[in-house]
Amino acid sequence: MSKRVLQGVVVSDIGDKTVIVRVERRVMHPVYKKFVTFSKKYAAHDENNRYRTGDTVRIEESRPISKRKCWVVLGAAADTAQARAEAAPVEAAETGEAAS
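Just so we're aligned, residue 1 is where the sequence shown starts under the numbering used here, counting upward by one.
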C-alpha cells in the first residue's frame with residue numbers, strides 16, 4: 001500500500017527535529033453546497049531542522065517515530081523554494097548595508 005503524501009504550511013518549528021504542519025482541505029457542505037475549509041495539524045520529523053514557520057512543505061506517512069510523530073518531511077514545495085531563492089539576495093544586500 002502506498003504512503004499518503006500531504007502538503008501544508010509549517011506553523012511551529014520549536015521542537016528539535018520536529019515541525020508542526022497545518023494541512024487544509026476544502027469540502028463541499030452536503031446541505032448548503034458551500035465549500036468549508038477544514039484544517040488538521042500533524043507533527044512531522046525534520047532531521048536537519050531545515051524548515052521554518054511559514055514554509056510550505058510536503059509530508060509523507062512513516063513508521064511511528066514518537067508518540068505523536070508518524071510523518072516525515074519530504075521537502076519544500078516548489079513555491080517555497082522559489083520564494084527562498086528570491087529572498088536570499090535581498091537578505092545578503094541588507095546585511096552588507098548594516099556592516100558599512
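Calculated directly from the structure, the hints in this document are not laboratory data.
Just so you know, even glycine gets a beta-carbon here, dropped at the ideal spot from N, CA and C.
Watch out, some of these pointers could steer you wrong.
[What the hints assert, rightly or not] Pairwise CB distance ranges, derived in the manner of DEER restraints:
1) Asn-48 with Gln-7: 13 to 21 Å
2) Lys-41 with Lys-3: 33 to 41 Å
3) Arg-22 with Ser-62: 16 to 24 Å
4) Thr-53 with His-29: 13 to 21 Å
5) Glu-61 with Val-27: 31 to 39 Å
6) Tyr-32 with Gly-54: 15 to 23 Å
7) Arg-25 with Met-1: 33 to 41 Å
8) Ala-78 with Ser-2: 30 to 38 Å
9) Ser-66 with Lys-33: 39 to 47 Å
10) Leu-74 with Asp-16: 27 to 35 Å
11) Phe-35 with Arg-4: 16 to 24 Å
12) Ser-12 with Glu-61: 16 to 24 Å
[What the hints assert, rightly or not] Cut-off 27 Å, straight-line C-alpha distance, at most; resulting in silico cross-link-like pairs (BS3-like, lysine-lysine):
13) Lys-3 with Lys-17
14) Lys-67 with Lys-33
15) Lys-67 with Lys-34
16) Lys-17 with Lys-33
17) Lys-33 with Lys-3
18) Lys-34 with Lys-3
19) Lys-3 with Lys-69
20) Lys-67 with Lys-17
21) Lys-3 with Lys-40
22) Lys-67 with Lys-3
23) Lys-17 with Lys-40
24) Lys-41 with Lys-17
Verification of the supplied hints:
no.	hint	verdict
1	Asn-48 with Gln-7: 13 to 21 Å	holds (20 Å)
2	Lys-41 with Lys-3: 33 to 41 Å	violated (19 Å)
3	Arg-22 with Ser-62: 16 to 24 Å	holds (19 Å)
4	Thr-53 with His-29: 13 to 21 Å	violated (31 Å)
5	Glu-61 with Val-27: 31 to 39 Å	violated (21 Å)
6	Tyr-32 with Gly-54: 15 to 23 Å	violated (32 Å)
7	Arg-25 with Met-1: 33 to 41 Å	violated (21 Å)
8	Ala-78 with Ser-2: 30 to 38 Å	violated (21 Å)
9	Ser-66 with Lys-33: 39 to 47 Å	holds (41 Å)
10	Leu-74 with Asp-16: 27 to 35 Å	violated (20 Å)
11	Phe-35 with Arg-4: 16 to 24 Å	holds (22 Å)
12	Ser-12 with Glu-61: 16 to 24 Å	holds (20 Å)
13	Lys-3 with Lys-17	holds (21 Å)
14	Lys-67 with Lys-33	violated (38 Å)
15	Lys-67 with Lys-34	violated (36 Å)
16	Lys-17 with Lys-33	violated (41 Å)
17	Lys-33 with Lys-3	violated (31 Å)
18	Lys-34 with Lys-3	violated (30 Å)
19	Lys-3 with Lys-69	holds (15 Å)
20	Lys-67 with Lys-17	holds (14 Å)
21	Lys-3 with Lys-40	holds (18 Å)
22	Lys-67 with Lys-3	holds (19 Å)
23	Lys-17 with Lys-40	holds (20 Å)
24	Lys-41 with Lys-17	holds (16 Å)
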